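Read top to bottom, the protein sequences are chains A and B. For the first sequence, this note's numbering assigns the number 1 to the initial residue and increments by one for each residue that follows. For the second sequence, this note's numbering assigns the number 1 to the initial residue and increments by one for each residue that follows.
Note that these hints are calculated values from the structure, not bench results. Just so we're clear, the structure is a prediction, and the values are computed from it rather than from any experiment. Worth double-checking, as some hints may not be accurate.
[Claimed, not checked] To give a feel for the contact side, a few chain B residues facing chain A, derived at Cβ under 7 Å: (1) Gly181; (2) Ile182; (3) Phe218.
[Unchecked claim] Chain B residues, not near chain A, derived (Cβ > 12 Å throughout): (4) Gly146; (5) Ile187; (6) Pro257; (7) Glu278.
[To be verified] List of simulated lysine-lysine pairs, BS3-like, C-alpha gap at most 27 Å: (8) A:Lys68 x A:Lys173; (9) B:Lys185 x B:Lys29; (10) B:Lys29 x A:Lys68; (11) B:Lys185 x A:Lys173.
Each residue gets a CB set at the ideal place from its N, CA and C atoms; glycine is no exception.
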Amino acid sequence: MSEALLSTHSLSLSFGGVRAVDDVSFEVMPGEVFSIIGPNGAGKTSLFNLISRLYDADSGDIVFDGQKISDIPAHRIAELGIARTFQNTELFEHETVLRNMLIGRHVHSRTNLFSELLFLPSVARQELAFRQVVEDVIDLLDLQSYRDQVIGSLPYGVRKMVEVARALCIQPKLLLLDEPSSGLNPEETEDVSHWIEDVSQDYGATVIMVEHDMSLVARASSRVMAVADGAVVAIGAPQDIQNHPEVRRAYLGD
Amino acid sequence: MEVLQLLISGISQGCVYGLIAMGFVLIYKATEMVNFAQGDMMMLGAYLAYTWINIAGMPFVLGVVATIVSLAIVGVLIERILLRPMIGEPPFAVLMITIGLGFMLRAFAGAVWGTETKAVSNPFSGNVIRLGDISIGYENMAIILGTVILCALLFAFFRFTRLGIAMQAASQNQLAAYYVGIPVKRIYSLVWAMSAALAAVAGVLVAPISLVEPVMGFIGVKAFAAAIVGGFGSLPGAIIGGLIVGIAEQFAGLYLPPGFADTTAYAILLIMLFLRPEGLFATMQKKKV
């Protein structure tokens with residue numbers, strides 16, 4: 001069996017007296033599409049924010065690609081190869097789609113201040129290479145017609161795609177999607193499962209997503225982890241989880 | 001000819017307002033804090049220039065560099081010690097801190113350098129260029145040229161450099177900036193350093209035409225008005241706002257009864273708030289819910 005790309009070990013986080021994440025351990029293998037489900041307030045987003053280093057865990061470790069990441073700052077995870085999206089999208093609202101995506105290449109920039117001010121050939125070459133990556137992502141996600149539009153003028157569904165596009169421009173090994181279908185209509189949600197498949201197969205990125213839409217989870221994911229009250233209830237194949245008695249109890253009550 | 005002469009002194013005074021206004025705008029855009037001590041930072045810059053050049057005996061250019069570097073360090077320290085712990089506190093609390101900081105800087109300058117006025121030795125004073133009937137003092141030329149060069153540098157910095165783009169990103173959306181790999185907190189320190197460096201340049205340039213004294217930073221209030229006229233989120237707006245205030249002030253001084261010149265900045269501010277409250281170069285958007 002291959003080495004896990006991401007693993008957490010006894011991860012815990014409390015807000016005051018509430019244990020938002022309670023002793024959570026799981027492993028995600030390279031190439032997987034791993035979904036985290038659970039009722040509202042189950043701690044899914046807290047868990048997500050721990051992995052993406054927005055929160056500091058009270059105890060436990062997170063290991064990514066053989067490296068412990070539980071104590072590195074949030075701005076360094078991009079260069080390690082982790083990208084994330086947000087439930088309500090966090091974009092640079094006053095910029096175009098293209099510029100939002102180009103800044104995804106920021107961590108890969110290797111030029112210095114003076115060569116940038118003088119626009120030396122090395123800077124021009126880098127710009128071209130960056131643009132190529134961005135164009136490939138635009139093609140993958142069909143964003144051609146929005147390239148030069150400012151984010152503020154775009155419909156919600158497109159913004160969500162742009163955020164995914166920016167994340168892909170980082171060329172991450174691991175893509176964290178926070179409720180990719182929230183706010184989308186059924187048609188757009190259908191599309192989500194298609195591009196997740198593309199991202200996973202064409203880009204070779206491992207995906208971890210928090211998601212409410214069970215049909216999307218069932219279609220897109222290879223494995224599912226159900227959480228309730230901050231703790232892991234079950235991990236397994238989508239259909240097993242859907243029929244798992246403990247999971248049903250967590251959602252429907254006793 | 002008189003009009004042209006006034007215009008030139010108005011432009012040079014306006015550049016000083018503009019430089020301080022840009023300091024306001026830089027910090028506001030990046031951190032959404034208003035640094036009311038920006039004018040006093042300029043005052044400190046003038047005193048530091050006095051210290052390096054007149055007391056330590058540095059040549060002028062070296063002294064200017066030392067002033068910029070030392071005030072930038074002061075800026076970083078202010079951010080780290082006073083303002084970083086205030087992240088997440090109400091804007092009003094932050095505002096009070098910077099107002100308090102202004103009091104402290106004035107008291108500090110009075111205690112260290114004394115309250116009598118000082119003059120910074122410089123290569124400009126006393127020299128004049130004559131163009132026909134107009135005469136332009138070297139010190140005014142220095143202010144205008146210095147401002148032009150600084151604006152060009154800032155433009156190139158924000159337009160072309162990775163750091164400049166990272167700064168814009170951090171000011172537009174912190175969370176998004178973190179996840180494309182931008183160290184937002186370090187950027188905030190840098191913004192304070194840059195804004196302090198701007199204040200240092202303003203201090204050095206204004207020292208030859210104004211007296212160096214602890215209360216010289218009060219022109220920061222007029223610069224604040226200039227920043228609002230310009231749109232408060234826009235660096236070009238800050239300069240334009242500064243020029244409008246500076247030029248209007250000169251003409252008010254000549255054509256209106258005595259005393260009106262000093263109120264010009266606020267009169268323009270009032271008119272602006274009536275006619276176009278978002279400023280000339282509106283960048284602030286109404287927050288959508």
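Hints, one by one, checked against the model:
For B:Gly181, the suggested interface contact is upheld, since its CB lies about 4 Å from the closest CB of chain A, less than 7 Å. Against a cut-off of 7 Å between C-beta atoms, the interface hint on B:Ile182 holds, since the closest Cβ of chain A lies about 6 Å away. Interface hint at B:Phe218: violated, since its Cβ lies 34 Å from the closest Cβ of chain A, which is beyond the 7 Å cut-off. Every C-beta of chain A lies more than 12 Å from that of B:Gly146, the closest at about 19 Å, which supports listing it as non-interface.
The beta carbon of B:Ile187 sits about 9 Å from the closest Cβ of chain A, which is not more than 12 Å, so the claim that it is off the interface is violated. Every C-beta of chain A lies more than 12 Å from that of B:Pro257, the closest at about 45 Å, which supports listing it as non-interface. For B:Glu278, the requirement that its beta carbon stay farther than 12 Å from each beta carbon of chain A is met, with the minimum near 14 Å. A C-alpha spacing of about 16 Å is found between A:Lys68 and A:Lys173, which places the hinted pair at or below 27 Å, so the restraint holds.
Restraint check: the Cα-Cα separation between B:Lys185 and B:Lys29 comes to about 14 Å, which is no more than 27 Å; the hinted pair holds. In summary, the hint linking B:Lys29 to A:Lys68 is not supported, as the alpha carbons are separated by about 35 Å, beyond the 27 Å threshold. Between B:Lys185 and A:Lys173 the alpha-carbon distance is near 26 Å, which keeps this suggested pair within the 27 Å criterion.
The earlier numbered hints that this structure contradicts are 3, 5 and 10.
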